[in-house]
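Protein chains: 2
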Amino acid sequence: MVVSGEQPTVEGDTGTSKKAAKKAAKAAEKQQKKAEHKAANPQGQAEGPEEDISEGRYGVMKMIQSSGEHQDRVYTNVKDLGVKLDGKNVWVRARLQTSRAKGKQCFAVLRQSCSTVQLLISVSEEKKVSKQMVKFTGNITKESIIDVYATVVKTASPVESCSIQQVELVGSEVWVVSAARAQLPLQIEDAARPERSDDPEALRIRVNQDTRLDNRVLDLRTPANQAIFRIEAGVCRLFRDILTKKGFVEIHTPKIISAASEGGANVFTVSYFKSSAYLAQSPQLYKQMAIAADFDKVFTVGAVFRAEDSNTHRHLTEFVGLDLEMSFTSHYHEVLFTIAGTFTDMFTQLQEQFASEIATVGQQFRVEPFKFLDPPLRLEFPQAIQMLKEAGVTLGEEDDLSTPDEKLLGRLVKAKYDTDFYILDKYPLAVRPFYTMPDPNNPKVSNSYDMFMRGEEILSGAQRIHDPDFLMERAKHHGIDVNKIAAYIESFRLGCPPHAGGGIGLERVVMLYLGLDNIRKTSMFPRDPKRVTP
Amino acid sequence: MVVSGEQPTVEGDTGTSKKAAKKAAKAAEKQQKKAEHKAANPQGQAEGPEEDISEGRYGVMKMIQSSGEHQDRVYTNVKDLGVKLDGKNVWVRARLQTSRAKGKQCFAVLRQSCSTVQLLISVSEEKKVSKQMVKFTGNITKESIIDVYATVVKTASPVESCSIQQVELVGSEVWVVSAARAQLPLQIEDAARPERSDDPEALRIRVNQDTRLDNRVLDLRTPANQAIFRIEAGVCRLFRDILTKKGFVEIHTPKIISAASEGGANVFTVSYFKSSAYLAQSPQLYKQMAIAADFDKVFTVGAVFRAEDSNTHRHLTEFVGLDLEMSFTSHYHEVLFTIAGTFTDMFTQLQEQFASEIATVGQQFRVEPFKFLDPPLRLEFPQAIQMLKEAGVTLGEEDDLSTPDEKLLGRLVKAKYDTDFYILDKYPLAVRPFYTMPDPNNPKVSNSYDMFMRGEEILSGAQRIHDPDFLMERAKHHGIDVNKIAAYIESFRLGCPPHAGGGIGLERVVMLYLGLDNIRKTSMFPRDPKRVTP
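Protein chains in written order, with our numbering: chain A, 5 to 538; chain B, 5 to 538.
No lab work stands behind these hints, which were simulated from the structure alone.
Wrong hints could be hidden among the right ones.
Pairs involving identical chains hold if they fit within one copy or between any two copies, as the list cannot separate such chains.
Calculated lysine-lysine pairs in the DSS-like style (CA-CA distance at most 30 Å, straight line) [said to hold, decoys possible]:
1. Lys-278 with Lys-488
2. Lys-83 with Lys-393
3. Lys-249 with Lys-448
4. Lys-249 with Lys-88
5. Lys-92 with Lys-420
6. Lys-139 with Lys-108
7. Lys-83 with Lys-249
8. Lys-534 with Lys-278
9. Lys-66 with Lys-480
10. Lys-83 with Lys-420
11. Lys-92 with Lys-430
12. Lys-250 with Lys-83
13. Lys-418 with Lys-139
14. Lys-375 with Lys-418
15. Lys-106 with Lys-83
16. Lys-132 with Lys-480
17. Lys-375 with Lys-278
18. Lys-66 with Lys-108
19. Lys-83 with Lys-158
20. Lys-108 with Lys-480
21. Lys-92 with Lys-250
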């Protein structure tokens, strides 16, 4: 029984110069070609200078084309490897994260999503592992996908460089399923390196954002990214599930629209057969029409487009909107608290269901745990003005908050109430869209609200005007061509209940929940004014 | 106690000429203005010629602006009205579907989504209901939203014209929350009329499709439409839930792309700042990149765009794609049966969870129940060719099926196997996209499949080529500029497991599951070459 606590110095690899990398690449290619040749001509083997006892136990596998071969082979997931499998033989298909052959041994790390395990290929008569096979394994290019037949072996001491620490794999077959190119545009170790300012590794190689995004397929393989996009899927699922339980109906609204309905600025134009159309900046008008069409409570998840030339950490030209709209009986706070409760439920369930993913993100990025109150904190606009004033920032009662104001306010709220999530209610009417319902007691104030996470806005919402004549009046006041929104206004002439709602940016919620610094980290293939690839 | 089995002859209304409708509208408006005046000047009441004992119990309500009024008023849903509430007083907010005042009584039908209940407003000293109030109620425009305070009363005989048949409401307060215009562009009764060819009502007024779509907010209020879009939300939810349970991760793929990657035809162009871009025809390349990025099993739900000038019953220029992609170990049938199992699970759960909605759709449209086998039927292409040949249609082994061939085949399969759902596997390679994996044993055949519902294709899928060199070769064979798909091909140079997947059109699935005849019936705001509004 081979017990090995020895760990290959994986990180040491990073320093490899480009030249050395090229050399290694060539060697690996050569070796692979040789192996491929062997796999294709197993009879030819005898011609070699040395006999290979591992013949037929390693090489490059034929392209998997669903021929029916190996159909009854059962594979074990890396995350399921543990001491209860000690001594058992398993097939594992995984990426070769690193490998290093030294004499008669090759240590490698296999990776599946966020899970890693150590693989040892060691010259052995008993296991029929030859020197050639060890060398072959050492030359497999990083990030290749391989099939390994191996014995699960309990280790004497924990393998600290891997997520599976109590066992390692001692291999007796190694097959390359899909080879990665020898020279990778970025190294996963570099892309995955912790970004803590107090870290001794702070000076080591990192990968800049454009390189990451240009090579997103590789970048997405880091444990943090594997975790981030699973959390994002979770946010989406929880948003829908929580609302579905509250009686909301999911709808789908068109992205191609005939008129730039919401003001006209920042809208992408599409050629539409012999005419042209626009990409919707939000599902606003459509979800309100769904309310007028008796769907009572609706939500929609879908692409939202903004032709805004904003090159900031928090703007995208295409993002995923989580939108909802709900009729209420007497007060828009019925809706406000439904939305806020959806957030607190979501935060609670994220902590419960994604603890390990959140921890994985935390291993690369310094993340303060997200704090929130239940029920959530609701402040009114004048309270915010007052808090800012006390902190030395003076705003008029009809001014909007600037982004720095919002950030400062977030810090003040955190200090005072110990929450990263709060609602700011009763915005000045002047700074909100034309369809926002004014406050019944103060014509300068509106029945509208924003919600914030870590001092950044993630939702904007309001009671909407459901009276068509008043809506016309407000649209005209805002200088909007009412002919362009005729179908929208007409909806309210067909009878419409009072309603309110809001729109959320999915990528912002995930970014701020995790405390990340750039929205491109939470968009799988981000789009901004300068990027439409890959 | 008032017990009333008498039903207003709701349908009789339909014959009303335009002139009469105008007259009625004017009267209603006049009456409403009067009531509004009353509501605004309640003191002025005494000046009227007759004393009104209902003073303060009816009228037009002030626009609901979240003033705090009536915040503790509890409303009862129409669907929850039943004999267990007999004798209780309730507030109900609902649409006035119809109303007819006759002397001292006004019969009305209140509607909430698919549920309807009869309302009786009857002159009564005890309930303080005056002649004026009865007249006012009779003049409220159809489709207005009203608040009613009423007693729940068990009826002597079932109210056949309503979904709530055992009780009716006897009202003592009536308030207009949101008035509909007097002249509606279509009548809900007409839009909801059963479309059975053997129906005695077949000759009565129907609403044509363009009128419906032009006035979609009204059209969507029919019980069938209320049900259809709830079923559609269910299909979407079940698709996601079933796949999530199987370990799939939801992803979001960009709709704005830099190159018309899949052939170049039928793609919409978008102006993108100083350059131009395209709208994605499918998430194909991105979901494959997610597989290369180690997400293992992914799905995505989102808008898909086709600039195809097809004006048929089953084409839209924008639809909702349910896409999935999954890595497999040795055979693409692992994926094929995962997808097929997702469908049968979905069909089973739709029947369980949406029985009442399916029945509601069936009340308007003649729908044969959807039949399927579990496990589902899988045929191979040559079997289909043979079945068609026996039915007199001769196809070559490398020909694709035309739409009429597919329909005929659907009927043959239904007759032979009694299923509305089946899989057709092993399409000719020549008729599939460049990235389709050929069959290992026959170069003219591919590892690809379509799935059909009631003889129409709802999914197209295949094993994809994961070997970059072979993919290049196949792309060149198809005359595709490999420079335009460089990032896509590069993904496979970074190591990629064998994988397969498919794309589903949501609207088609709902249309065919319900046996509807036009895809515009299952798209809330459909887009086709001639329609981008509302």
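To see whether the hints hold, each was checked on the structure:
Proximity of Lys-278 to Lys-488 under the C-alpha cut-off of 30 Å is found in both arrangements, the shortest distances being 20 Å within a copy and 26 Å between copies. In this assembly of identical chains, Lys-83 and Lys-393 lie within 30 Å of each other by CA distance neither inside one copy nor across copies; the values are 53 Å within and 52 Å between. For a Cα distance limit of 30 Å, the shortest separation of Lys-249 from Lys-448 qualifies neither inside one copy, at 36 Å, nor across copies, at 50 Å. Taking the shortest alpha-carbon separations for Lys-249 and Lys-88, only the inter-copy value of 25 Å comes in at or below 30 Å, while the best intra-copy value is 40 Å.
For a Cα distance limit of 30 Å, the shortest separation of Lys-92 from Lys-420 qualifies neither inside one copy, at 57 Å, nor across copies, at 48 Å. In the homo-oligomer, the alpha carbons of Lys-139 and Lys-108 lie at most 30 Å apart inside one protomer (8 Å), although the nearest pairing across protomers, at 100 Å, exceeds that limit. For the identical chains of this complex, Lys-83 and Lys-249 are inter-copy neighbours only, at 18 Å across copies versus 33 Å inside a copy, given an alpha-carbon limit of 30 Å. When the C-alpha separation of Lys-534 and Lys-278 is checked against a cutoff of 30 Å, the pair qualifies both within a copy, at 28 Å, and between copies, at 10 Å.
Within a single copy, Lys-66 and Lys-480 get their C-alpha atoms only as close as 69 Å, which misses the 30 Å cut-off; across copies the closest is 22 Å, which meets it. Proximity of Lys-83 and Lys-420 under a CA criterion of 30 Å is satisfied in neither setting, with 42 Å inside one chain copy and 46 Å between copies. Proximity of Lys-92 to Lys-430 under the C-alpha cut-off of 30 Å is found in neither arrangement, the shortest distances being 65 Å within a copy and 38 Å between copies. In this homomeric assembly, Lys-250 and Lys-83 come within 30 Å of each other (Cα to Cα) only across copies, at 16 Å, whereas the closest approach inside a single copy is 36 Å.
When the C-alpha separation of Lys-418 and Lys-139 is checked against a cutoff of 30 Å, the pair qualifies neither within a copy, at 57 Å, nor between copies, at 59 Å. For the homomeric pair Lys-375 and Lys-418, the shortest alpha-carbon distance inside one copy (9 Å) is at most 30 Å, but the shortest distance between copies (57 Å) is not. In this homomeric assembly, Lys-106 and Lys-83 come within 30 Å of each other (Cα to Cα) only inside a single copy, at 27 Å, whereas the closest approach across copies is 75 Å. Proximity of Lys-132 and Lys-480 under a CA criterion of 30 Å is satisfied in neither setting, with 84 Å inside one chain copy and 43 Å between copies.
Taking the shortest Cα distances, Lys-375 and Lys-278 never come within 30 Å of each other, neither inside one copy (53 Å) nor across copies (42 Å). In this assembly of identical chains, the alpha carbons of Lys-66 and Lys-108 lie at most 30 Å apart only when taken from the same copy (27 Å versus 88 Å across copies). In this assembly of identical chains, Lys-83 and Lys-158 lie within 30 Å of each other by CA distance solely inside one copy; the values are 15 Å within and 62 Å between copies. In the homo-oligomer, the alpha carbons of Lys-108 and Lys-480 never lie at most 30 Å apart, since the shortest distance is 82 Å inside one protomer and 44 Å across protomers.
Taking identical chains as interchangeable, the C-alpha atoms of Lys-92 and Lys-250 lie at most 30 Å apart only when they sit on different chains, with a minimum of 26 Å there against 48 Å within one chain.
In the structure shown, a violation is registered for the earlier hints numbered 2, 3, 5, 10, 11, 13, 16, 17, 20, in ascending order.
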